[in-house]
Every structure is written in structure tokens, then in C-alpha cells.
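The task is simple: from the sequences and hints, build the whole structure.
From first to last, the protein sequence lines are chains A and B.
Residue numbers for the first sequence follow numbering that gives the first Met the number 0, so the first one is 0 and each next one is one higher.
Residue numbers for the second sequence follow numbering that gives the first Met the number 0, so the first one is 0 and each next one is one higher.
Don't read these hints as lab results, they were simulated from the structure.
All figures in this text were calculated on a predicted structure; none of them were measured in a lab.
Some hints here could point you the wrong way.
[Claimed, not checked] Pulled from the structure, derived: some chain A residues nowhere near chain B, Cβ distances all over 10 Å:
1) Gln43
2) Glu65
3) Trp76
4) Pro141
5) Ser187
6) Trp235
7) Ala251
8) Ala253
9) Ala269
10) Gly272
[To be verified] PhoX-like, lysine-lysine: derived pairs with alpha carbons at most 25 Å apart:
11) Lys43(B) / Lys55(B)
12) Lys150(B) / Lys193(B)
13) Lys197(B) / Lys180(B)
14) Lys95(B) / Lys236(A)
15) Lys132(A) / Lys181(A)
16) Lys235(B) / Lys296(A)
17) Lys296(A) / Lys95(B)
18) Lys241(A) / Lys296(A)
19) Lys127(A) / Lys181(A)
20) Lys48(A) / Lys1(A)
21) Lys241(A) / Lys95(B)
22) Lys127(A) / Lys296(A)
Quick reminder that beta carbons are idealized off the backbone N, C-alpha and C, glycines included.
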Amino acid sequence: MKLVSPAKVLAQVASAIPADCRQHVIVIGSLAAGYQFFGDNDAQAVRTKDVDCVLAPRIAAVHAGESTAQTLLDAGWRRCSAGGWDKPGTEDTPDDELSAVRLYPPDNDDWFLELLTVPESEHDQGKKWTRIKLSDGYYALPSFRFLSLTAFEPLDIAELGIRCARSEMMALANLLEHPAIKDDPMSSEIAGRVIKRSNKDLGRILAIARLSADGALETWPERWARALQQEFPSQWKTIAAKAGSGLRALLASANDLEEAHHACINGLLASAGNVTIEQLEIVAEQVLVDAIEPLEKLAQA
Amino acid sequence: MTTSPATAARSRLHSEVDAEVGDALIEVKIGASSLRTVSSALMKLAAILGNRPGFKGYLALADSAITLPRLQEEWISISRVLRPEILERLTVCIPKGNQIMSFPRELDPQTQSIISATVEKERRGMAATRAPRSSEPFYDILRILINQWIKRAGPLTSRWLAEAAGCTYPTVASALEKLEKYLTRHSDRRVELKAFPKDEWIRLVANANKVRQTLRFADRSGQPRSVESLVSRLQKLHPDGVAIAGVLGARRLFPAIDLIGTPRLDLTFHCRTRQPDLGFLRQLDPALKPARYDEPARLVIHTLRNPHTFFETTPDGALWADPVECLLDLHEMRLESQASEFLRFLAPI
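Structural data, given as C-alpha cells:
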């Protein structure tokens, strides 16, 4: 993974996306978080291999996905062949066997853009695929159960015409996506180590909290509750009640916390000074006290 | 009936646990701040379990300042020296709110409820225990008299002083005798200071560490919250008997104090129990950990055990410590010129 400047990469992505699709693109992940925390500071970079773009609302996702992917390909963006992500499917290929759209920019292989979308309904569980058609065949937009949360009240990047997911909403999506520490490893190493995906994603929450301003965490539960009520109207209380289980599991395991720390200092916190494991553990406690426990109380009310 | 040494040892051991309910032996530690306390409690439980096959041991750590990962590391160290058949009967429990976290195994609801009840009983017992009488009642009486004098609140009876300081009438009489040259005695036997007792104040400042219990906490996050942010959080938490003191308390009374910024947060905790309940600290900021000797404190808590306080509540609901506490805090911070300035403001000659 390369250190990249969030502002430069986002500008490149935004300029390449067709103008009529930009309003439907919400950038998520470490680049979006990096842009919010130090987007205007060229000295601070984030280490990432991908730029995840969520297409929302769902009703516009297929058209925006087709138009964006085709425009990028026509402009010289290249399919990412690693992992077989460059093979188009046919009309008969099942949705969940289609390739996702992963494209390298024309001038480098440092990172690739991936298109995703939000789930169709609050009852969608796990990973789902939505078929799109490009000139050479069929591809698909993946969606995950909690991805809709990242599209809640996104931040406009006025000068670029696209939007960024709010860092606290990415944190909530990650919290809910990992109610426990699963053993699934990341597909690629982080700074020479294989890391569990849960640890990397839960670590991301801590990195976001660490970079947030004094007092910001206290504002999270109110927005979290509103997002859950909007996106999961029939289940929000049950979902909120379990929001902290993954983070608590992380705190309970020294090995997992150490992995999360490794992912953080080689990711979003790469330019944030020497953050120790003890400091990250304190951040986790602060997230529990200021954000998760108040959300749990709101859900119990 | 004779008792064998083994039986005597056994009864001595399990008489030391805080509760025995069915096959559960429960030891409660409230506010444990050192791993040594935890390890010795675990070893004690292990020794008891060794003598009581079929029983299970639970160590409940309430309001502990020790983090879960550190507790688990301690558990791993201890588990290396204990027999497996003891280990499988030993559980560490951490009550948090209405829930109890535990390791290395989860608790069934019935055991959770037993442990919660035991912890609550211990807490109540602790609260009911009268605070130890101050070792320096003279200074307690001195502080009361100075506060009364600063407030220009008039003379006091010896009886009132004894009740306010939590000491006996002879102790008050002896203290007043020492302060004779600063006192005005009224015809109705009430007394008040006629001047600021400078000599005795200097002695109080010199002995402040003995007179006041001081708990120091450092920020270990590497990016400390501002003192203002801590105060704002404190006001939302509103813990009982916790008043803002130190620089902030002095500045409230004397806004012209010559000090830019606020180096730390000082709180005065009016606490009649032996051990102050510091459960609110986690909510205040989990980054605050007991400070090492050489570590700068971000938060300092002084306990005040007198039955009577001179705290004040402002219209915004904030509770403020008395000026004497604030003045002692300034001296403790080595802010000598600011302390002198504040004293001149409080006691103009």
C-alpha cells in the first residue's frame, strides 16, 4: 500500500467521474477519513490501496455505476487484474459470480477505484451483488448490510462536486459489520503482516476517533441513532444494542488490539505521530464511554 | 472441640472472602488501582479454592482503574502458576453499569445477580463506614474558621465547630486555645477570627499533604482533553459531592488572577467514606490514570471529610469548592505569587 494524498486522489477521482453522476458518488474508507482530517495538508498522507465509492441512492446506482465505469474505461482507466477482477460476465453469469468494478487510474497502479452501492432494504443481510452492464459484458456492484449508513448525511466537497462519508458514519458501519473478531484475514498484507479484517476495520474506528476533535465523539450517538432509525426502522434498537460488542471483544484481546494498532499506524494514523497501543486502548474506552454507551442507552429508552 | 491447624487455616481463609453464596466464594475489590491488589486477591481465592473442592471463586473488581487488557495480562501471568483444576474454578468479574463482564468465562444470569448484589452490599458497607477522623483536626478547625471569616459570616459556637469539623468539644477547645491571639471571643461564648492567622496558615500549607488526601491522575492518551472540556464533562456527570477547585475555583472568585490558561483540573471531593467512589472518572475521561510519582497530573482530587463544607452552587448548577481549598491547591501547584495575590484578595489587610 502506498502513501497517497487524500486531496490529490479525490480531485483525480472527481474529475474523472461524469458530471451527471457525481451527485451519486460518496467516497468512503480511509481516503474519505483522511480527506476530512487532513485533506488540505499535503504533508499528511494516508496509506491505502483502494478508493471505495458508494453509489447512492440505490435507485440511481445502476445507471451511475454503468456510466461512471464506462467513462473511466474510455478515458484510459485500467481493470485491476489481481484476483480475477477484470473478467466480464455474461447474461447467464450469476450475480454473485460477477466481477466488481475495480479500476486503476491511467497513470499509476498505486491505488484502484472500486464501485459499491447501498443495500436494497434494511433486511438485506451480508454481501449482495447488483448487476451492471458495460460495453464488454456484465459486472456487479457489491453492497454490504451496513453500507447504507455511510451514505447518511454525507459531507459535500463543494469544489469537487462529490461527497465524502462522515467519518463517524464509517465508524458506525465498521462497528456493526464486526460484532465479534472474525478470523478472516485481509486479502493483502499491511506493512508486511497478515491482519484480520475485523481488527483492521475496528482499528479504523479508533483511528477516526483519535483524529477527531476534542468533544466530537459526544456528538456521534445522536447522529448514529438518527441514521439507524432511518436505515433500519424496524431493527434499529436491536442493532444499536449490539453496537459495542466488537470493540469490547477487541479490548479483551491483547493480540487483536495489537493487530488493530499495527493496521492503524500503517494506515490512517501513518502521519499522526507515534500512537502507542496504550493510547489506542484509551481511545477505545473513550469511544465506548462517549459514543457507544449513550447509543445503547438511546436504544433502551 | 479441638480444631486442627488445617481447619483453622481454612476457616481463616474463607472468613476473609466477602461473600459465600451456595458454591460461590466472592471477593470484592472496590476501586483497585494496582495489579498487586488484583494478584494478591486472586492468589487468596486460589488458596481458598485449593481447600474447598467443588467451590467456585469470583473476584469482582468494581470501579477499578485498571484496564481490561492489563487485567487479562495479569490473569495470564497468574494462570501459569496455578493448577488447572483451580484455574477452571476461578473467574474475574468486572461490574460495569448493570452488566458484569467476566473472564476467562461468562457468568450465568443467576451468578451475575449474586455478584451484583454482593458488590452493592460492599459498596453500601463502605459508604456506611465513617471516615477516619482527621489526623490533623486542628487544621480542619482552622480551615473552617478561615472560610467563615472570608465569608464574613459571623461568630460560631464551639458546638457548631465540633459538628462541622467532626471532632469533639475538647478538641475544638484545644484548637481555639492555640488560635487565641487571632480570636475574638464574644460574651455569648461564640468565637470568630479577628485577623487572618498567618503563622498557622503557613504551617497548614507546609502540612497540606498530611491534612488532605490527594489523588493524582495523569492523562495517558497523548492528546489530553482541555481542562475546559473536562469541566464541561464533569458538569454533565454531576457526581455527588465533587466540587471544582484549584485555579478555576480561584478564578471564579478572583477573575483578575495573574495566570494564563489552566494547568490542571483540581477537584475537592466531599467524601465521608473511607474510600472515595471514583466511578465517575471513567465517564469523565478514560484517559485519566493514577499518576506515577514523576508524572504531571492532569486531574487532582482532594478529599474533604468534614461533615460541613463551604461549597457553593452557581446558577448553572456547577459546584465550587471553598476559597481555602482553592488557595491550598494554588500552593500545591507552586503558584506562589498567584496564591499570595489570591490571599490578598480574600483577606485584604
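Hint by hint, here is what the structure shows:
{"no.": "1", "hint": "Gln43", "verdict": "holds (15 Å)"}
{"no.": "2", "hint": "Glu65", "verdict": "holds (45 Å)"}
{"no.": "3", "hint": "Trp76", "verdict": "holds (39 Å)"}
{"no.": "4", "hint": "Pro141", "verdict": "holds (34 Å)"}
{"no.": "5", "hint": "Ser187", "verdict": "holds (28 Å)"}
{"no.": "6", "hint": "Trp235", "verdict": "holds (21 Å)"}
{"no.": "7", "hint": "Ala251", "verdict": "violated (6 Å)"}
{"no.": "8", "hint": "Ala253", "verdict": "violated (5 Å)"}
{"no.": "9", "hint": "Ala269", "verdict": "holds (16 Å)"}
{"no.": "10", "hint": "Gly272", "verdict": "violated (8 Å)"}
{"no.": "11", "hint": "Lys43(B) / Lys55(B)", "verdict": "holds (13 Å)"}
{"no.": "12", "hint": "Lys150(B) / Lys193(B)", "verdict": "holds (13 Å)"}
{"no.": "13", "hint": "Lys197(B) / Lys180(B)", "verdict": "holds (11 Å)"}
{"no.": "14", "hint": "Lys95(B) / Lys236(A)", "verdict": "holds (21 Å)"}
{"no.": "15", "hint": "Lys132(A) / Lys181(A)", "verdict": "violated (34 Å)"}
{"no.": "16", "hint": "Lys235(B) / Lys296(A)", "verdict": "holds (16 Å)"}
{"no.": "17", "hint": "Lys296(A) / Lys95(B)", "verdict": "holds (14 Å)"}
{"no.": "18", "hint": "Lys241(A) / Lys296(A)", "verdict": "holds (11 Å)"}
{"no.": "19", "hint": "Lys127(A) / Lys181(A)", "verdict": "holds (20 Å)"}
{"no.": "20", "hint": "Lys48(A) / Lys1(A)", "verdict": "holds (7 Å)"}
{"no.": "21", "hint": "Lys241(A) / Lys95(B)", "verdict": "holds (16 Å)"}
{"no.": "22", "hint": "Lys127(A) / Lys296(A)", "verdict": "violated (31 Å)"}
Of the numbered hints given earlier, the model fails hints 7, 8, 10, 15, 22; all others are met.
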